[in-house]
Amino acid sequence: MSGFRAAGEPPSWQRGSSGKGAGEAEVFVPEDTRAAAPVDFLQDLPSHQSALRRRATGGGTRERWAAPQGSEGFRAAEARGTEGDEATPCPLREYPLSIAEKRRLRDFQQADTKRLSVWKQWKRSSSKSLRKILSEARELSSYLKLWRHTIHSIEGKFGTGIQSYFSFLRFLVLLNFIMFILMFSFVTLPTVFSRYGIFNSSIAKIPLENTGSHCTVYKPSGNKGLVYFYTYLKDLLSGTGFLEVTSLFYGYYTIDGVWVSIMSYNLPLGYLLATFAYLGLSLIWIIKRSVEGFKQNLVHSEDQFQSYCNKVFAGWDFCITDPNAARLKQRSLQYELQTDLEEDRLRRKIADRTTKEKLRIYSLRILINIIAIAVLSGCFYSIYRATVFSQENSNVVSTMNSQTNLLVQYLPSMVITLANFVAPQIFSLLIRFEDYSPAFEIRLTLMRCVFVRLASIGVLLFSLWGQISYCDSDKCKACGYNYELYPCWESDVGQEMYKLMIFDLIMILATTLFVEFPRKLLVTHCSCKPVQWCGLQEFRISDNVLEIIYGQTICWIGTFFSPLLPAIATIKYFIIFYIKKISLIHTCKPAARPIRASSSNFFFLVVLLIGLVLAFIPVGISIALIPSSKACGPFRSFNTSWAVVPDTILGFPTVLQQVLHGIASEAFAVPFFMVICLIMFYCIALAGAHKRVVEQLREQLVLESRDKMFLIRKITEAQRQS
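The opening position of the sequence shown corresponds to residue 0 in numbering that gives the first Met the number 0, with each subsequent residue numbered one higher.
Among the clues, some could well be false.
Claimed, not checked - Dumping the calculated DSSO-like pairs for lysine-lysine here, alpha-carbon to alpha-carbon at most 30 Å:
id, residue 1, residue 2
1, Lys119, Lys131
2, Lys144, Lys127
3, Lys474, Lys101
4, Lys528, Lys156
5, Lys156, Lys474
6, Lys588, Lys218
7, Lys156, Lys328
8, Lys713, Lys690
9, Lys131, Lys101
10, Lys127, Lys287
11, Lys144, Lys588
12, Lys328, Lys287
13, Lys707, Lys310
14, Lys348, Lys588
15, Lys144, Lys328
16, Lys328, Lys310
17, Lys348, Lys156
18, Lys528, Lys310
19, Lys144, Lys122
20, Lys528, Lys588
21, Lys588, Lys101
22, Lys355, Lys328
23, Lys156, Lys707
24, Lys156, Lys287
25, Lys310, Lys144
26, Lys131, Lys287
27, Lys122, Lys101
28, Lys287, Lys144
29, Lys348, Lys310
30, Lys156, Lys310
31, Lys156, Lys588
32, Lys588, Lys519
33, Lys144, Lys580
Treat the hints as calculated values from the structure; they're not laboratory data.
Turn these sequences into a full structure, and let the hints steer you where they fit.
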């Protein structure tokens with residue numbers, strides 16, 4: 000774009016046509032009007048007047064860029080860079096120069112290379128080759144991305160907002176696959192090898208001096224003998240029966256050590272560290288992607304005029320040669336411009352509100368929030384009562400048939416799913432009356448629905464832990480938990496998480512097959528007014544994002560109790576991708592109010608981060624506070640799962656023990672916290688300084704545009720006078 004130039008490059012009216020340097024700049028005006036222009040008219044430029052006002056008020060800034068300007072400046076910089084042993088110059092395509100100037104600079108570099116020593120020539124050529132190899136590797140890796148073409152096609156047909164949902168789903172598939180690799184490699188694989196005699200192992204012993212023998216009794220409900228076929232289906236849905244004794248659940252892992260030659264592997268410690276590893280990896284990965292999304296969101300929210308200019312004049316990719324790709328790119332730009340225009344319209348509408356309209360809207364929002372709180376309270380109470388009833392009656396097999404028992408076991412999952420289905424529908428209906436922007440509607444609806452879905456998991460776990468910790472006899476207190484109802488409570492919690500995940504997938508499949516496709520057929524083939532009034536379904540991003548965030552939170556919580564749950568989550572999200580793709584293409588229509596992808600990506604990750612923080616709480620409580628089961632699992636020789644850490648530290652050398660105790664003490668924590676605070680304050684100050692520089696650059700761009708308008712006006716006046 001002609002209205003933007005590189006920092007340090009002089010404006011077009013300063014660069015003379017005779018190739019003069021920066022110090023010999025002259026005004027470029029037509030030959031017949033140069034004499035008519037006054038000599039001191041440059042003093043009237045807006046930028047010069049602004050600089051005078053800054054000096055007068057003492058708020059002027061020093062010149063920050065003293066580098067030579069134009070292609071001569073780049074040549075001088077190249078010469079200085081080649082004299083020392085500094086980094087090699089940047090590629091020519093990164094310089095903000097014209098093609099002719101880049102060619103002259105290339106010739107200069109080639110001539111300068113001949114004067115270098117053999118070592119420097121080899122260093123420069125090897126660095127150039129390495130950059131080329133890395134660039135080609137990045138380009139090749141972009142073609143290996145999962146669902147790359149499909150997501151680009153969705154972006155062109157339905158906009159970047161819906162594309163951000165499918166990109167988010169791809170991210171969760173990769174995240175769960177990495178989690179599965181961690182848990183399988185460090186927990187499942189050593190146990191399976193030791194079970195089949197490939198490695199030597201030892202079974203975890205239970206210290207009976209502190210624990211009663213009755214606490215060690217655990218009889219899994221594995222199927223024995225001939226059973227009906229539907230029994231396997233029931234076990235597959237509930238995680239009981241033959242699944243309970245497999246490596247899917249916590250109770251399968253009963254060894255505490257594996258020996259390979261002279262090396263030993265501490266399985267309880269590996270189990271705990273693998274849990275910390277997948278939680279830490281998820282946290283780091285989400286924060287990294289959130290920072291990238293925040294940068295994009297910040298760029299889009301700074302200057303709308305600049306966003307329009309970039310899309311209209313610099314948004315097209317001239318490397319596109321495929322007609323289909325060109326159409327997709329055109330539709331993508333069209334949706335982005337529609338989003339910008341819609342946001343501008345809403346901003347003008349909000350700015351034009353009268354006091355009466357504001358009072359009406361705020362009163363209505365208060366009333367709607369009260370209704371939302373009432374809906375949330377009803378959902379939480381229903382989940383609590385369903386969980387208590389299910390846990391008290393799920394094991395009463397003698398008085399009910401297997402179908403009724405399965406229904407009782409699935410009662411909490413069904414109530415949670417029903418609450419997760421009804422509450423978002425109510426919130427989506429109420430949000431229409433609150434008159435928010437499309438982006439803020441998605442955020443507020445997501446926050447409300449997130450509170451329903453994630454808090455419902457918390458209510459379920461709170462109810463379970465209340466039942467697990469309830470002890471009314473001396474025998475139960477000797478175990479530390481309700482051993483009669485939960486002999487292996489970790490596997491029971493894992494089964495609840497497993498049932499939630501399976502039932503969530505079943506509901507997504509059922510909704511697509513029995514709601515969305517019949518609605519499409521009715522709208523297409525039925526001309527009734529009520530059916531046509533309903534119309535095709537829109538792809539609601541908030542509901543769909545919330546579904547996968549809810550499932551991911553279940554996976555984070557349940558992986559400690561069911562180590563192979565990430566594998567099920569990976570397969571589940573893989574299936575959901577194709578289900579949602581087919582549903583989007585064949586049963587849905589584009590959203591009437593477009594949504595920006597940059598804000599969506601950032602906010603999706605923020606909500607996912609909230610789910611991860613929520614997952615830390617139950618997992619942390621289970622590891623550190625609740626006594627581990629004495630009848631199953633690798634931690635049955637410890638009071639809690641965390642007790643394996645101090646027990647392992649006691650086996651270290653004395654010096655290392657003292658170092659670790661010093662790191663864990665207050666004498667190290669307080670100075671470390673102070674240093675972290677100082678670093679944070681420094682980063683905040685540095686960010687503020689960068690922000691001020693960016694504001695000055697923006698102001699400089701505005702002043703230069705005013706200078707050009709001023710010069711055009713002066714030239715026009717001079718032409719009229721002549």
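Structure-based check of all given hints:
Note on Lys119 and Lys131: the hinted pairing holds, with a Cα-Cα distance of about 18 Å set against a maximum of 30 Å. Between the alpha carbons of Lys144 and Lys127 the distance comes to roughly 26 Å, so the proposed pair stays at or under 30 Å and holds. Proximity of Lys474 to Lys101 is assessed by CA-CA distance (about 85 Å); at most 30 Å being required, the pair is judged violated. Annotation: proposed proximity of Lys528 to Lys156 holds, straight-line Cα distance about 28 Å (limit 30 Å).
Between Lys156 and Lys474, the direct Cα distance comes to roughly 65 Å. Violation of the 30 Å bound is thereby established for this hinted pair. Only pairs whose Cα atoms come within 30 Å are accepted, and Lys588 paired with Lys218 is rejected, the gap being roughly 53 Å. Annotation: proposed proximity of Lys156 to Lys328 holds, straight-line Cα distance about 10 Å (limit 30 Å). About 34 Å separates the Cα atoms of Lys713 and Lys690, which puts this hinted pair outside 30 Å; it is violated.
At most 30 Å may separate the alpha-carbon atoms for a hinted pair to count; Lys131 and Lys101 meet this at roughly 19 Å. For a cut-off of 30 Å, the pair hint linking Lys127 to Lys287 stands: about 29 Å separates their Cα positions. For a cut-off of 30 Å, the pair hint linking Lys144 to Lys588 stands: about 27 Å separates their Cα positions. At most 30 Å may separate the alpha-carbon atoms for a hinted pair to count; Lys328 and Lys287 meet this at roughly 27 Å.
Between Lys707 and Lys310, the direct Cα distance comes to roughly 23 Å. Compliance with the 30 Å bound is thereby established for this hinted pair. Restraint check for Lys348 and Lys588: satisfied, since their Cα atoms lie roughly 26 Å apart, inside the 30 Å limit. Of the pairs offered as hints, the one joining Lys144 and Lys328 holds, with about 19 Å between alpha carbons and a cut-off of 30 Å not exceeded. For the hint pairing Lys328 with Lys310, the CA-to-CA distance comes to about 11 Å; that is within 30 Å, so the pair holds.
With a CA separation close to 29 Å, the supplied pair Lys348 and Lys156 stays within the 30 Å bound. Straight-line distance between C-alpha atoms of Lys528 and Lys310 comes to about 41 Å, which puts the hinted pair past the 30 Å bound. Pair hint Lys144 plus Lys122 does not hold up; C-alpha atoms about 33 Å apart against a cutoff of 30 Å. Under the criterion of a C-alpha separation no larger than 30 Å, the hint pairing Lys528 with Lys588 is consistent with the structure, at around 19 Å.
In summary, the hint linking Lys588 to Lys101 is not supported, as the alpha carbons are separated by about 48 Å, beyond the 30 Å threshold. With a C-alpha separation of about 44 Å, the suggested pairing of Lys355 with Lys328 is violated against the 30 Å cut-off. As the CA atoms of Lys156 and Lys707 are separated by approximately 41 Å, the hinted pair breaks the 30 Å bound. Straight-line distance between C-alpha atoms of Lys156 and Lys287 comes to about 29 Å, which keeps the hinted pair within the 30 Å bound.
For the hint pairing Lys310 with Lys144, the CA-to-CA distance comes to about 26 Å; that is within 30 Å, so the pair holds. Restraint check for Lys131 and Lys287: the C-alpha separation of about 26 Å stays at or below 30 Å, so the hint holds. Between Lys122 and Lys101 the CA atoms are separated by roughly 22 Å; this keeps the pair inside 30 Å, and the hint holds. Proposed proximity of Lys287 and Lys144 is supported: the alpha carbons are some 19 Å apart, at most 30 Å.
Only pairs whose Cα atoms come within 30 Å are accepted, and Lys348 paired with Lys310 is accepted, the gap being roughly 24 Å. For the proposed pair Lys156 and Lys310, the alpha carbon gap of about 18 Å is at most 30 Å, so the pair holds. For a cut-off of 30 Å, the pair hint linking Lys156 to Lys588 stands: about 10 Å separates their Cα positions. Between Lys588 and Lys519 the CA atoms are separated by roughly 10 Å; this keeps the pair inside 30 Å, and the hint holds.
This hinted pair checks out: Lys144 and Lys580 have alpha carbons roughly 17 Å apart, not beyond 30 Å.
In summary, the structure is inconsistent with hints 3, 5, 6, 8, 18, 19, 21, 22, 23 from the numbered list given earlier, while agreeing with the others.
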